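Enquirer: Residue numbers (full-length UniProt numbering), protein chains in the order written: chain A, 1 to 283; chain X, 1 to 283; chain U, 1 to 283; chain S, 1 to 283; chain D, 1 to 283; chain V, 1 to 283.
Source of the hints: derived by calculation from the structure; they are not laboratory data. Watch out, some of these pointers could steer you wrong.
For chains that are exact copies, the list does not tell them apart, and a pair is met inside one copy or across any two.
The calculated BS3-like cross-link candidates involving lysine-lysine, where the alpha carbons are at most 27 Å apart (straight line), are [what the hints assert, rightly or not]:
no.	residue 1	residue 2
1	Lys264	Lys130
2	Lys54	Lys13
3	Lys260	Lys13
4	Lys264	Lys94
5	Lys6	Lys260
Source: prediction; values computed, not measured.
Protein chains: 6
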Amino acid sequence: MFIHMKELQYRAKPERPDPVFARKLQEVLGGQYGEMSVMMQYLFQGFNCRAEQKYRDMLLDIGTEEIAHVEMLSTMIAQLLDGAPADQVDEAAKDPAIAAALGGMNPQHAIVSGLGAMPTDSNGYPWNSKYIIASGNLLADFRANLNAESQGLLQVVRLYEQTTDPGVRDMLSFMIARDIMHQNQWLAAIEEIEAIDGPIAPASFPRERTVTEATRQFMNFSVGEESSMGRWANGPLPDGTGNFEYVANPTAYGEAPVLKPAAKHQHSTLGTGPYVVNETVKN
Amino acid sequence: MFIHMKELQYRAKPERPDPVFARKLQEVLGGQYGEMSVMMQYLFQGFNCRAEQKYRDMLLDIGTEEIAHVEMLSTMIAQLLDGAPADQVDEAAKDPAIAAALGGMNPQHAIVSGLGAMPTDSNGYPWNSKYIIASGNLLADFRANLNAESQGLLQVVRLYEQTTDPGVRDMLSFMIARDIMHQNQWLAAIEEIEAIDGPIAPASFPRERTVTEATRQFMNFSVGEESSMGRWANGPLPDGTGNFEYVANPTAYGEAPVLKPAAKHQHSTLGTGPYVVNETVKN
Amino acid sequence: MFIHMKELQYRAKPERPDPVFARKLQEVLGGQYGEMSVMMQYLFQGFNCRAEQKYRDMLLDIGTEEIAHVEMLSTMIAQLLDGAPADQVDEAAKDPAIAAALGGMNPQHAIVSGLGAMPTDSNGYPWNSKYIIASGNLLADFRANLNAESQGLLQVVRLYEQTTDPGVRDMLSFMIARDIMHQNQWLAAIEEIEAIDGPIAPASFPRERTVTEATRQFMNFSVGEESSMGRWANGPLPDGTGNFEYVANPTAYGEAPVLKPAAKHQHSTLGTGPYVVNETVKN
Amino acid sequence: MFIHMKELQYRAKPERPDPVFARKLQEVLGGQYGEMSVMMQYLFQGFNCRAEQKYRDMLLDIGTEEIAHVEMLSTMIAQLLDGAPADQVDEAAKDPAIAAALGGMNPQHAIVSGLGAMPTDSNGYPWNSKYIIASGNLLADFRANLNAESQGLLQVVRLYEQTTDPGVRDMLSFMIARDIMHQNQWLAAIEEIEAIDGPIAPASFPRERTVTEATRQFMNFSVGEESSMGRWANGPLPDGTGNFEYVANPTAYGEAPVLKPAAKHQHSTLGTGPYVVNETVKN
Amino acid sequence: MFIHMKELQYRAKPERPDPVFARKLQEVLGGQYGEMSVMMQYLFQGFNCRAEQKYRDMLLDIGTEEIAHVEMLSTMIAQLLDGAPADQVDEAAKDPAIAAALGGMNPQHAIVSGLGAMPTDSNGYPWNSKYIIASGNLLADFRANLNAESQGLLQVVRLYEQTTDPGVRDMLSFMIARDIMHQNQWLAAIEEIEAIDGPIAPASFPRERTVTEATRQFMNFSVGEESSMGRWANGPLPDGTGNFEYVANPTAYGEAPVLKPAAKHQHSTLGTGPYVVNETVKN
Amino acid sequence: MFIHMKELQYRAKPERPDPVFARKLQEVLGGQYGEMSVMMQYLFQGFNCRAEQKYRDMLLDIGTEEIAHVEMLSTMIAQLLDGAPADQVDEAAKDPAIAAALGGMNPQHAIVSGLGAMPTDSNGYPWNSKYIIASGNLLADFRANLNAESQGLLQVVRLYEQTTDPGVRDMLSFMIARDIMHQNQWLAAIEEIEAIDGPIAPASFPRERTVTEATRQFMNFSVGEESSMGRWANGPLPDGTGNFEYVANPTAYGEAPVLKPAAKHQHSTLGTGPYVVNETVKN
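The following block holds chain A by itself, in its conformation from the complex (with noise of 0.2 Å):
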């Protein structure tokens, strides 16, 4: 259960309208790997946790501050949109920096949300929930998480160098530190992790049966060796379990597959005339 409480975490207050900017910080409210995206994914893995209390209350702290994110972003945006020249669309034609606001806006700002934010990204491209992901195993899902606090601090840094508005920086210079502390957060939480079950997610198949020579071949495709030069080309394996190998020209385990013709009833046979089944059928 949920209580809303009306104070956003964080100041959203710009200095002046920018409905240009209020459509590029949509990317980080409705995008891939916005905010949406975050809070979405800390709740259905907190929701669905197995594990001991102490995760399921750690992935429900972080969703339920991210709930707050959206609304301090959508807040914003929202202020960024007070003022956009929808219905100067004459006096567009004479001055060229209406034009570049109508021009550069999304024009859905302007037709569908009443000049509101929306649960999209930047190009009006819907949120989904397939950017979302809680699979039950804590290593993969903590991975997903570091994943997307980095994806993310990186496309608001980007947006941070793209105004010049104290207050839009204002709030992107919180949500960057919290970014960056969620960073922090996942890599303590996968090194606790990784202590017990050591680095490979899941850790619970049975090494044996797999075909062990290809758990530690750095497999060159293609011509030229410039791959050979990295860390995982060289050195132990992060597992523990040998040494990188580096195969220069990768034989096929395989042999070129053969499928059979198609069945009767696929009618995708060449020359073979009529076919029915069920022929006795009326029609």
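Given the coordinates of chain A, work out where chains X, U, S, D and V should sit on it, guided by the hints.
Expert: For chains X, U, S, D and V alone, kept in the frame of chain A given last:
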């Protein structure tokens, strides 16, 4: 430029057809974390790579390998569908085994693809490119890659448990091995990158421009403090800038927002009477 | 079965081309609440109608009219695109008017559709059938229809404000009239249905099987009680079963949930060691 | 800002696992009219609200309640999936009950989510934000809300019929109660708004700028006149501007459209020979 | 403008309900190559048609016919769903026939659509307008149409094999006939267009501006030369400009690309230290 | 299995950056008929091929070539984005050229992809696998392929007109050549297949089971007979079974449908009172 070798990277031959398992196996071909996802993610990261050549080469090596995994899975699925009883409708009424096969199949395998693999997941949902990311930042992207290999391996292991066909298990045991290797690979690559810039992605935002105390606070947004017991709330921050702080009762930095009334041309305000801009225009 | 008349239901001729407005007008053709949505929603409600013939006939009458609205909008958009300067790339660098037209257009109008209307919204997002509903319950569906005509009219009115072209405004003034009529129509139809079964859709669930006190309580899930001041928290319930109650501090009926640990074959539990089912199977 | 309470708003505990019903129940969690839809719809309407504070507060109260409904449903689904026989493939061949459970499940519950709830509908289709609307116009949006609660209640009632598990029915009987309350709530709120501006949304477009006769005509676009027998074709218009008129044979206001030939740079016109713009450019 | 006739174009009455086949039949109603696709494709091609009137008229004739096919299929599906045992959950445990019907159905038919047809495919995936094309170029679009009728006929034939209900087969035998006619129609229309401009769409790009040798080379991008044995590698080019050439070992025209390092404001480059633009701005 | 060569198949180097054209060029990379579509379509047709080896080999040769086209386009787009002025927000207010570049760009190129190509179209809509088909029937699929190459060539030609950059035009002139070749290829392959089975796909449905007169009738579903003047309404049928017939006034074969009233458990019927199944169950 690419070249095709007719041999499969690994054997992909089931002992017997199993159209229901064919449907399930689609998940790791065309699902959110299937082979199409890693194939396209690595190729796009490689094509767009602006870093040292060894990274580009490595990304394209593994991306090229993943095309071969798409090929193996497609070949396996087509064979699992051999002999699917798509036309035995009357027999199905009598024979529960046929009924079960017909009922658990993806009907599109028999209607749309001619008993071939489809670029979709186990529910027939199409693969789409929002599953993948190529952000230009190697640390962020390698974390996306480590996540993809973790979620992917988890799904393959679960599928391995859901079949007893030795041919299918044989192929999956190779895919499991490669996913283990690829987790090793991304762990090693991340280690290499973090050694340069530290563990926050991106590293280049000036820390003094953030709300610095918020980079170390775990905020408890729930009643109860189980979340205080994890590594994420205690001890040194992974980025080395101090220690985690547990904030049991976080307070709001912001105020309750009050948005301006709607612009008249948005036709959203109550009780304001008829309104039209540019009144002199005919109509 | 349907017949086409070549005449448009209403004039659809702009005074001058305007490719930027063509893009905007797409919203009410192929957007969430565009004419394609009402067309398909009414046709499917009609085709599936299991109630008295007058409802089926009425639904198909209005669905058939909406096909004509799709036709009018498509015709208008094609003409707004006439003369779009898709090839004047060098002139655009010098002439801001051409630059603005090129910049604000949907590029797909010049690349994909050959300066024709597209079945998409103003951001190029494709129409999809999750915009519509045909549930079989007339009261529920007529409310969906009333909502669609309300959102649709609002969008058309906003678009009317964003152009001064008399030809476009002429056509929109007809569409506005029809949307007003259609709101009247659904209001009247809803009145007719509610007279039979009351205002709750569906009416047929036995009220004694619900948690009856919860059918009248407004629950205040926030700090502060501004929400107590509306009609929704005071006075008689519209369904006639009592009065609204304002619950200032709602308490939980349930307990904190504790889920069972994960099944072993899900490979999600920490620290459990290697595991495989059906161990005797080869691989 | 939000706070989480660990208790569920209502009990969510099935008497026994039922993975097939878990799949069905997903419809009202992540489907078109599921709880995720009302949660996000109310939150976005609230965050964007530019009207009196009582509306914002009310919208956020109910939006916050709906997060708790997402939590209840997720909890229920995870427990319905407890003990799903995902690994008993050989037993399934012998035991029809296991076969049925395996066949009717969503395979992603066993492959992707680790026997947890997913943010998708009963066919595994992901929730997306085009299911919701926040237009800025309260009357239009409250009608969207009334529709959502009507469709939602209808679906929950149908699901209630499809289970006999007392624990599931218990939870659904609470959700049914809340959906009844929420229909009451939106009916009352609509009544309050219509008292100010009348029943057409939006009210503010000057009626004299419409094609006024078209605001009262029911047009019969079919052969046969069953549609003349409803309230929508007889008696006073709900907006009080006159009476409905039944137009048995509507005539076209417009003419047959003739579009201009395609621009040459579109390469669409037959028989025109080679063409290229900017010929002096190399290539 | 359109008119509705109440009669169906052809009989659509099954001998008995079959909710599992109802689900399958959805594929040719709302799937990628279903009747909704050809209906919308032909209507949009017609509405946008800038060529001679006979093309526009023909396109709208066939588009109008396809609306009738959507109507027939919807009617059939609703009747196949009659008597679907959506509420017989306890009986299902005992009676395999009921279990099979419940298991193989689309659950949304019983939860969402009230036992009516849905605008989706056989997996419940919604129809979307990216299934269709209206490019403005008649030759390209008639090829799209021929493809749609070919894929559509193939699917209808496969569905015919999967039922023995005489009523269903009767209706399908009419749809098969129309798909055959429509293939004939597009073949004839293509013949007419190719007689004017030749077989390359579009014809109007000046051939001398292409890399002309590449217009006739089949490039063998694999090890092994089975692909040399087809008509596509031997004999005259269909466009009459020469003969096919088989290039057994194609060489690269281009070089290995090297991209510039990332711009600093993208925060993607390793080891570059803190960076911010517009430093003088507060925050 | 696949191998990567570092060289591009053709030069892909613009003379100067042009982020607005980069956005447009995305259409033929990740759009409905872009290179990702043909790449995945040919690969899936090849992987699933159950016909003679020469078809499989040919499909995989061309599919492999198309991966190289994706590579070329991605490389070109990344370079067109070099130097995109994503951070020059204040300069943009003064310099219309910068403003235009910022306004016409896809904002995601600067926020999400780090100035790299994205797997999306020119409006940022993601590529999805419903763009492609692999049906198992060679004639149907080769027609899909011919359509894809026709739509694709048309789009590339239109893009060629929209730039004057010699480097871009150089690359496009190669892609145009290959699209011409690939149209030639599919025309030749279709000719080969039609020589075996005739021009109807699939050929194998027994003609006597169709409504045979309907296989030759062009039905005029409109007022006016312009559509009688084309080849599609006159002369011999392409499939050799007779002549086209023009039906000026098609009549209905079917009757007006009347559906059964809704099942009670669907809660859709008016005026029926409370209802619940399985009444003895608690709740």
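Enquirer: Each hint needs a verdict: does it hold in this structure or not?
Expert: How the hints compare with the structure:
Taking the shortest alpha-carbon separations for Lys264 and Lys130, only the inter-copy value of 26 Å comes in at or below 27 Å, while the best intra-copy value is 37 Å. Only between protomers do Lys54 and Lys13 lie at most 27 Å apart by alpha-carbon distance; the minimum there is 22 Å, versus 35 Å within a single protomer. For a Cα distance limit of 27 Å, the shortest separation of Lys260 from Lys13 across copies, 12 Å, qualifies, whereas the shortest one inside one copy, 66 Å, does not. Taking CA atoms no more than 27 Å apart as the test, Lys264 paired with Lys94 passes between copies only; the shortest distance there is 23 Å, against 68 Å inside one copy.
Taking the shortest Cα distances, Lys6 and Lys260 sit within 27 Å of each other only across copies (17 Å), while inside one copy they are farther apart (66 Å).
The structure shown violates none of the earlier numbered hints.
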